[in-house]
Each structure stands twice: as structure tokens, then as C-alpha cells.
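Visitor: Sequence:
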Amino acid sequence: MTIPQGTRFGRYEIRTPLGAGGMGVVYLAQDTQLERTVALKVLPADVATDQQRMNRFIQEAKAASALNHPNIITIYEIGQQDSAHFISTEFINGHTLRHRMKHGGLSLTEALDVSAQVAAALSAAHAAGIVHRDIKPENIMVREDDYVKVLDFGLAKLTERTGAQSTSDPEAPTQAPMQAMVNTEPGMVMGTARYMSPEQARGFPVDARTDIWSLGVVIYEMVTGHAPFESRTTSDVIASILRTDPPPLVTYVPDAPSELQRIIRKALRKDCDERYQTAKDLLVDLRGLRRDLEIASEIERSASIQPHNTAADTLITHTGAPQSTLEASQASTAN
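Residue numbers for the sequence shown follow the working numbering, beginning at -2 and rising by one.
Read the hints as simulated data drawn from the structure, not as lab findings.
Be careful, since some hints might not be right.
[Stated by the list, open to error] Pairwise CB distance ranges, derived in the manner of DEER restraints:
no.: 1; residue 1: D278; residue 2: G102; range: 24 to 30 Å
no.: 2; residue 1: T241; residue 2: T4; range: 21 to 27 Å
no.: 3; residue 1: R240; residue 2: Q77; range: 44 to 50 Å
no.: 4; residue 1: R229; residue 2: T46; range: 33 to 39 Å
[Unchecked claim] As a list, the in silico EDC-like pairs of lysine to aspartate or glutamate whose alpha-carbon atoms are at most 16 Å apart:
no.: 5; residue 1: K99; residue 2: E135
no.: 6; residue 1: K263; residue 2: D282
no.: 7; residue 1: K59; residue 2: E74
no.: 8; residue 1: K267; residue 2: E196
As the structure is a computational prediction, the values presented were derived from the model and not from experiment.
Where a beta carbon is used, it is the ideal one built from N, C-alpha and C, also for glycine.
Take the sequences, apply the hints, and build the full model.
Guide: The following block contains the structure:
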């Protein structure tokens, strides 16, 4: 049931619904004390009796609030009004990445910018020992100014930090407390099937590399407009994740840069030891390709080749950067 406009939750006054999901309804609200607009996620009273959902609700607030990074949503408060629980967060003026992908598409450089910002957020979370476990377009918000925010840490898990998850990462100024955040039994599968890593789909223990796989799936989907592992049923999707490789990018984008194909292929290695070992390494490669595309675009403009349709501005749904130009830019940077 939708909460009427004007209803108060502590110092928050409901304005209008923003969206709904399995974990409750999100409302636009006004913080009457600090006089700012917030997003208020409300867990209905009947759902609050479900201990698993209640644990996830509290977990989301704890995990996100343990981090301080510009690409991770800011949690203001967790509270309770009568029998209804709520989380107040910053209000993000934008749309989910899924919405952006469905309405108008993204250019190659836009897709790389989104990917790099998500990788930066994951690098911060992983350095703090937090694995998101549910990276997907629905959990990535893109503001009107193209700034990216990672949402929904309801499945996040605190892991033992290893050498691949260095706490000295400058992307992670705030560390999470070293305590269990979500208790999952061996064999329990948590996440969204299409974006699960092979180890996650099998219910095996996961670490930061499962998020790298999920981001690889998102990148592939942004670039091609297709999921890399498509089937009619969830079980078939999981079987595809475990046994098959996604079609090459050129199947859908004939002029896709070979470097982008390499990045995605590495992110989607079924053996997690062959994947990118840190989100920071993935971030470096994404930024490098973005830089090469800028150089390629400059070369095109200087040579007056396709002056009204450069590699940096072409929609992914039509084409990627011309391969010969990109290779020329890479050669120039190598020299």
C-alpha cells in the first residue's frame, strides 16, 4: 500500500513514490530538520516480520554507511516509525542504468565512463573488505550530470582481505568494521542469475572477483544491447554461465575495439584466478581504453575523417571506434 503524501516518519515527510521492489517502496521525502530532499526506503510492517528480508534491510544500511566514496550512495539514517522500518539516503536525480540502456542507448565513451565509475566504487568497497554480490544495471544509478552511484548493498558480504584487496587503496578512505555482515551457508545462492559469477551460481564462497565478473556482464550488455548469457529459464542461464562463452562483441558491434573485447573477456573468465584480480586493475584498463578513444577521435578530427561521426560520439547500438584508428592511437601512445 502506498503511503499518502504528507505522512511523517520521524523528521521525514513523504512527498511521492519513486519506485518499488522486493525490499519495499522508495519515496521522495523532505528532511524537515535539515531541509533537504532525501530518498526514503520503507519496509512495510508485514514484510518486517520476514527475518531474512529484515536482515537484508539492515545489512544494506550497515554496508553502504561503512563506506565513504563519491560513487557509492550515502546513507543518512536507519530508523523505525511504529512498526515500519526505513532507511534515508541521498536523493539521486537520475535514472537506473537499465533505464538509460533502454532509452536512447549509450555511446562507447559513455559506457566506459559508467564502467570506470562502478569499478572505482567496487575498488573502494573491496579494499574495505566488502563484496557487493548483486551488481546489475538496476543497482547502478546515473545522475542527470552522468555521475554514477552504486546502490543496494543488501546482499553485501564482508570478506577476509587478501593481497588482492589492499587496504591502502586510495579509492577507499573509509574502512568497514571487521564483523560478519551477511551469514550465508555453503551452497546458498545469493544474487541475480544473469549477473552471477560461476562460483556464485554454484553457491561457492565468493570474493571481490565475483563483482568483477558481474561488472563484466554489465559492460557487455551496455556495449551490445544483449546479455552475454541469455536463456529462457533461470536454470538455463546458470548452465550457460557455467559452460559457454558469450558471443564475441563483433557479433553485435562489428567495429568494437579489440581492446574492449580483451577487457570483457578477461573480466568474464570462468576461473576466477584468470580474471582481473582487483577492480583497480580493471579500472586502469577501462581508463586506458577511454584515453585511447579520445586520441583516436582527435586523429579523426585532425585528418577530417568522418567529421560529424567520430568514434567517441558514435552510439554503441550502431558501431564502436574504427579499429584502424584505435590501433593508430595505441601505436602513438606506445611511442
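Visitor: If a hint holds in the structure, say so; if it doesn't, say that too.
Guide: Outcome of the hint check:
| no. | hint | result |
| --- | --- | --- |
| 1 | D278 - G102: 24 to 30 Å | holds, 28 Å |
| 2 | T241 - T4: 21 to 27 Å | violated, 50 Å |
| 3 | R240 - Q77: 44 to 50 Å | holds, 46 Å |
| 4 | R229 - T46: 33 to 39 Å | holds, 34 Å |
| 5 | K99 - E135 | holds, 12 Å |
| 6 | K263 - D282 | holds, 11 Å |
| 7 | K59 - E74 | holds, 10 Å |
| 8 | K267 - E196 | holds, 8 Å |
Consistency note: the structure conflicts with earlier hint 2 alone.
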